[in-house]
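The listed protein sequences correspond, in order, to chains A, B and C. Take our numbering: the last position of the first sequence gets the number 259, and nothing is skipped along the way. Take our numbering: the last position of the second sequence gets the number 689, and nothing is skipped along the way. Take our numbering: the last position of the third sequence gets the number 1250, and nothing is skipped along the way.
Among these hints, one or two may not hold up.
[What the hints assert, rightly or not] Okay, the calculated bits of chain B under chain A, using three or more residues with CB under 8 angstroms as the criterion:
id	segment
1	359–371
2	468–481
3	573–584
Since the hints were derived computationally from the structure, they do not count as laboratory data. Every residue, glycine too, gets a C-beta built ideally from N, C-alpha and C.
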Amino acid sequence: MKKVIIKPLREFWVPVEAERISPDIFAPLSIEEIRRLEVWEGNRKVTLSDLFMISGDDEPAPPGDNEIVLSGDFSRVKRIGEKMTSGTIVIKGDVGMHAGNGMSGGEILIDGNAGDWLGREMQGGKITVSGDAGEYVGAGYRGESCGMRGGEILVEGSAGDYLGEHLCGGTITVGGDAGDFPGIGNRGGAIVIGGNAHLPGAEMASGTITVRGRARVLPSFQRLETVEIDGIRFDKFLGDLVDDGKGELFAASVEDGGR
Amino acid sequence: MIIEDVLCPFCGCLCDDIKVEVEEGKVVGVKRACRLGSSKIRGHERIRAPMVRRDGELFETTYDEAYDRAARILKGAKRPLLYGWCSTVCETAKKGILLAEEVGGVIDSTATVCHGPSIIGIEEKGLSGSTLGQVKNRADLIIFWGANPAEAHPRHTMRYSSNSTGMFTPEGRRGRKVIVVDVRKTRTAKNADKFILIRPGTDYEVISALRMIVKGKGDLIPETVAGVNKADLEEAAGMMKAAKFGSILFGLGMTHSRGRYKNVDNALSLVADLNGFTKFVVMAMRGHYNVAGFGQVCAWETGYPMAVDLSRGAPYFNPGETAACDLLGRREADAMMVVAADPASNFPRETVEAMAEIPVIQVDPFPNPTTFLADVVIPTAVCGIEAEGTAYRMDGLSLRMKKVIDSGLPTDEEVVENILDRVRRLADDN
Amino acid sequence: MIIEGGIVYDPINGVLGEEMDVSIEDGRVVEESRDGEKIDARGMLVLPGGVDAHAHIAGAKVNTGRIMRPEDGRRGTEARTKLLRPSTGYTVPNCYAIGYRYARLGYTCAFEAATPILEARHTHEELEEIPIVDKGALTLFGNNWEVLECVRDGDLEKLAAFVAWGLRASRGYGVKVVNPGGGEAWGFGGNVKGIDDPVPNFGVTAREIIRYLMRANEALRLPHSVHLHTNNLGKPGNYETTLATLRAVEDIASSRDRQVLHVTHMQFSAYGGTGWRDFESKAPEISDYFNKHDQFTMDMGQLIFGSATTMTADAPLEYGNARLLKAKWSNHDIELEESSGVVPLVYGRKNPINAIQWAIGLELALLTEDPWQMIMTTDHPNGGPFVNYPEVVALLMSRSKREKELATLHDLASKRSSLPSIEREMDWNEVAIVTRAGPARILGLAEKGHLGVGADGDVSIYDVNPEKVDPSKEHEEVKAALAGAKYTIKGGEVVVRDGEVVAVPQGRTYWVDASVPEDAEARVKADLVEKFAKYYSIQMSNYMVQDAYVTRPRVIRAGVI
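Only chain A is shown next, with the shape it has when bound in the complex:
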């Protein structure tokens, strides 16, 4: 197992774009070559070693047999693990936007909080967050009809608005609350929310959303029956009927005033 450890040399205010921090890119490189990789701090193109302290194994390894450990505050470092296909990234601290963008394999373990667009357009692999995640977890790019298509995202804390927007596959599990419009425009996949959610599943065509806490449910969802899952009773809804959707929404408790 090739292991590379990266620590920030200083605090960042201007965001850093570091899509080259990826097991696929690191695998064949020596530490010196990794240090010379290009990253951007705002509009300045610099090398990884200008901003980070890098240490670890010098020998090349297959991408799958490759671990990158990020230690420190990476909350302003974006696009970590973008398009990765295998290997592991462990982040001991917070991570910035777009972690795991379009990843198709491997694993990202975040021991901290994640920024917005975590796992955007993800196709496979797994992302775990011990803390909270920002908005647009597993969502798509502006204007696209599909967000996440496969893989798994687990957020132990809460998530922001637009969780799993345009989800087309894969699963997202959130321990705490989700914000507004989780699963909006879904065309597949599964979302499980441990806490509360506001207007889940708007315009969903298919897929399932389970809200273990309280949900405000759209008037365009039809209540079908009460079901019991793992000892909890859920109201089961069909929706979103504005577009003849066939999605399934399970809510343990339904907020008054919505429908």
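Start from chain A and add chains B and C according to the hints.
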């Protein structure tokens, strides 16, 4: 001398029938304009001279020094934000985008605090719209949703919408129905045939319920939706389907309440659904006279209508990440240029605090609260009065603004170009 | 400049693959050049600069496509360089990308296909930003109230005067007619069903609108003919409407040495079937008709698999598309003048309809015997983006490529079209006609599409030797060579070298200024004064495109006096 058919540089109505009386190089009379437009055309307090801040105080200086300071600030920044561009002409925006490319900046417009969410909604669904004349000539149903033209766009109803007359609407207001949906009974609502009072932040649910009724699935929705009686919604949906030409004209009440761009997204879908039954269009009631123009220019130059990050030389667009408020809210911008806008008045408090911590360049004819935060202040001619150029009305129609008097001041476009020249010279020196 | 030793195809001047020099001076082709610049073109294909007679490259529709499609914007992104502005987009590229990509293909001229007069200012703002190529815009007339009223009143003289005024007001080049009458009906959500269906509130028919506009066009002796997008476009069975339209105008004569009517993107108008289930090609019927009627021309509107953004003044069609495909839908109706729509979609190889559509475009091009009657387009970006022209040329030149492609498509492409049986393979002369000489002649651009003395110094040079490469077999080589010109020369300046843009001059904008009798013009003005007072939402004095928006005009004179 009376100059006819002058364009008004105030709101998105971009009225083009104003008469301006000029004597000895001064505007002495304005006819046909509304109170808001007239006040701007007549003119008010101006920035007297270029200024730079030294030891916390603004001192008057030369244009050359101001350009130089501005260029050095922008060139030295790692994440400069170039913001505003909506109370100026398109020619300024073109130069601004080039400047943003040159300094590797992020360029964004005042749409970020008005109809930016509408544009994101359009990215999801597209928009079924028309020119305003189409509403004037054909519309027999007008729905103002979260919009109050009586206060914000005073001539809109008379020129283009509820009270206008046209080929198929000879009776004007009498031949039309007007529905207002809002969170309070506005002046516009008082003149409506039907007013639907909704709770703040429930637009999305109400629109979904309307879509259900329009599609004949009203029996599935509950008796009240977010506090609105189903019977009221059924009546409104009935009016929509019975119209020969309906239009939804929406304002910030829809885009800046909870749900934001998703509200617009759903409204666009409602209009698409309605076109299965009759003719329906939808339009955003844009605020600044050329906020639409910046979006057009930015789209044809960069591919995107706002919030474009050019820091890596290739346009990158992602509102929520690259909009002006996003950068300031996260305190990542390290310099800011404000052209023809007043973020200090219109932005959330924490973003204004972020502005106070970084160098700010202001280009504007008028002093405003942003001036108090600015380190470089560059006064310019007022577009549409003292400088000509292109503006896009709220419906996307472009018109040429006139110059009616000569101020002797540089135009916004010239100022941006001068700064651009100096930035390029700094680049050559390095 | 002397381009030395290339193998030149210049159909207008009867040059068929001769090894010869081409000299350019002061931006024009000359007998002999005095300056010293030499371009070594030995063993290479030399053609006049490409001319695109029909593409949607500027104006409100195109920008609507960009604004509603950030997901398209991010495709094809290229950072700025010291010379170039950034590029974005695939189906709806930004202005800079449009100019750079045309130039890389060896194209030096492109015409925007549809601009309403009221929004022509916007069109010109974008045309001004498109670098390198010369350009122009066709102006929409087919649903304009003044036109409908002149037709209703049978007032040809006033109609011609209005056409002249509309071209001047829009700084337009020619008369575009889209779904005549249908656009007005769409103002209240309707459409017309054929050429004899009356337009609501106006009582005229598409047949009358087309005939009158063609007669006005010829009365004005405009350089281009009427440019028609047929009624019922995009619908199964519409070939009957197309043929009925052509039969309805057979008696009208051209006033100049060109076609009397150009029917655009014919692929979308050559459909059989009573619905989508029995949808089939009627390209043989259309081509057969064209083979017997040389007064008409058409362009392919070839479909390209993958992403497209449909955009047209045919707004009812777009609403139908959007509902059928559950796609994003933008619509934009223009007071007193037009309607329009924009819908993004993806053409799939395994989609039976798309596969048949693909075959139809090629059938039309190959079954129409005279290449001067049938020019190449993809109706960018409706059939697909123009960057795919090399693919289309390769298909026209190689039966084996067509067979290879057909094998990857839904089998109905072979069963519901005649494409598998077509043996014809275009040669380089025919390719030069359908991509250069033909479009230039059809548009009436005397200085484009050829390399005779006095022609514009627009030349494309491709690294493919017509004497050695067999396009039938080596179609991939052909496609690669055409995708990145070895040199593109615009007005005597090298703008592309080895497929890269090396200079960014600004092109000119063609528009037509047609004169009409003063009394006819006065009668039009009187009508317009009333229309602006009652119906338009702007003042008449603010309507016409100002000179500031066409900074490098090339004005072509026409008219009746």
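Hint by hint, here is what the structure shows:
A count of 3 residues in the segment 359–371 of chain B with a Cβ less than 8 angstroms from any Cβ of chain A is obtained; the coverage claim is therefore met, three being the minimum. Under the rule that three or more residues need a Cβ within less than 8 angstroms of chain A, the assignment of the segment 468–481 of chain B holds, with 8 such residues. Counting residues of the segment 573–584 of chain B whose C-beta lies closer than 8 angstroms to any C-beta of chain A gives 5; at least three are required, and the coverage claim holds.
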